[in-house]
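A.B. asks: Sequence:
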Amino acid sequence: MTGFGEGRSESASIAVTAEVRSINNRHLKISYRSSDGYHGLEPQVEKLVRGSIRRGTVQVNVRIERRNAAADYRLNTAVLQSYQEQLTQLGGVHSMPPLERLLSLPGVISTPDASAADPEADWPTIEAALSAALAALDTMRRQEGAALAEDLIANRRQVEEQLAGIEVRAPLVAADYRERLHDRVKQAVEKLGVSLEPADLVREIALFVDRSDISEEIVRLRSHLEQFEATIAADAQSAGTNGNKQEGAGRKLEFIAQEMGRETNTIGSKANDTEISRRVVEVKASLERVREQVQNVE
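Here the sequence shown stands for residues 50 to 347, numbered as in the numbering used here.
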């Protein structure tokens, strides 16, 4: 799921701003950017992110500003003297600019560089900022997750409605086939003058009923629908009670959706009925929307 979170933290030596962005991805992919001198903290950052996020493309940006003390600055007298000598040669002593202007020239004042950073010592402050950013990101993702759950339930309800229609229609398919077969046989008998034993007609109808029986597929599809709803409910409950979503809910929903698609395909291939085929198309359309959405569920 998509989201953004920002966190800040300070210590006596540094001020940290952490930003975390996430976009949809069925796998977890983490990219890390930081101020110079802190790239070596990537393993700690990745471990912290993996503790909060299991799916998505996550971009982590950490900015560290060092609070330099007065003693951290050094006057480079050799560089300053070199500037003075060069200016004297150009225009004489009287053309020498004020000292404050000389101090602003490059290299005169030495400031601390990235090599002065101590990433391990600064990690607790960075961790606090990153944890705050991840918490803010989680809040935004939960809001999106609630909307996503509503959409999944709506699509599940559409599948259930079509399945109810299929269940009502299924027993009538054999009766319709019996009537059509009887009419065709009657026409053949009248046209060709052949005879047909009633037992042959009954046997043909029985074979058709056996081939087109979808009662088992209906039962399994209904069971999958119940599991799908139960998984969403359990995921929402676990997130609400302890703040952590159950492990692998997204992948479980993805598997259930795949099994629902399998049963739907079997129903469509066995039913041999126009109305059932129409309802199967509607079920497939709803399941396709479900499969797209569950890619974003952790």
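Misleading hints may appear alongside valid ones.
What follows is a set of in silico ranges between Cβ atoms, one per label pair, in the way DEER data are often shown [as the list claims (entries may be wrong)]:
1) Thr323 / Leu77: 25 to 31 Å
2) Glu59 / Leu136: 40 to 46 Å
3) Ala224 / Leu77: 26 to 32 Å
4) Gly100 / Val217: 46 to 52 Å
5) Ala282 / Thr106: 41 to 47 Å
Each computed DSS-like pair below joins lysine-lysine, with the alpha-carbon atoms no more than 27 Å apart [claimed, not checked]:
6) Lys96 / Lys301
7) Lys96 / Lys78
8) Lys319 / Lys333
Everything labelled a hint here was simulated from the structure, so no lab data went into it.
If you're wondering where the values come from, they're calculated on a predicted model, not measured in any experiment.
Virtual Cβ for every residue (Gly too), placed ideally from N, Cα, C.
A.B. asks: Broken hints, numbered, in rising order?
C.D. replies: Going through the list in order, the structure violates hints 1, 3, 5 and respects the others.
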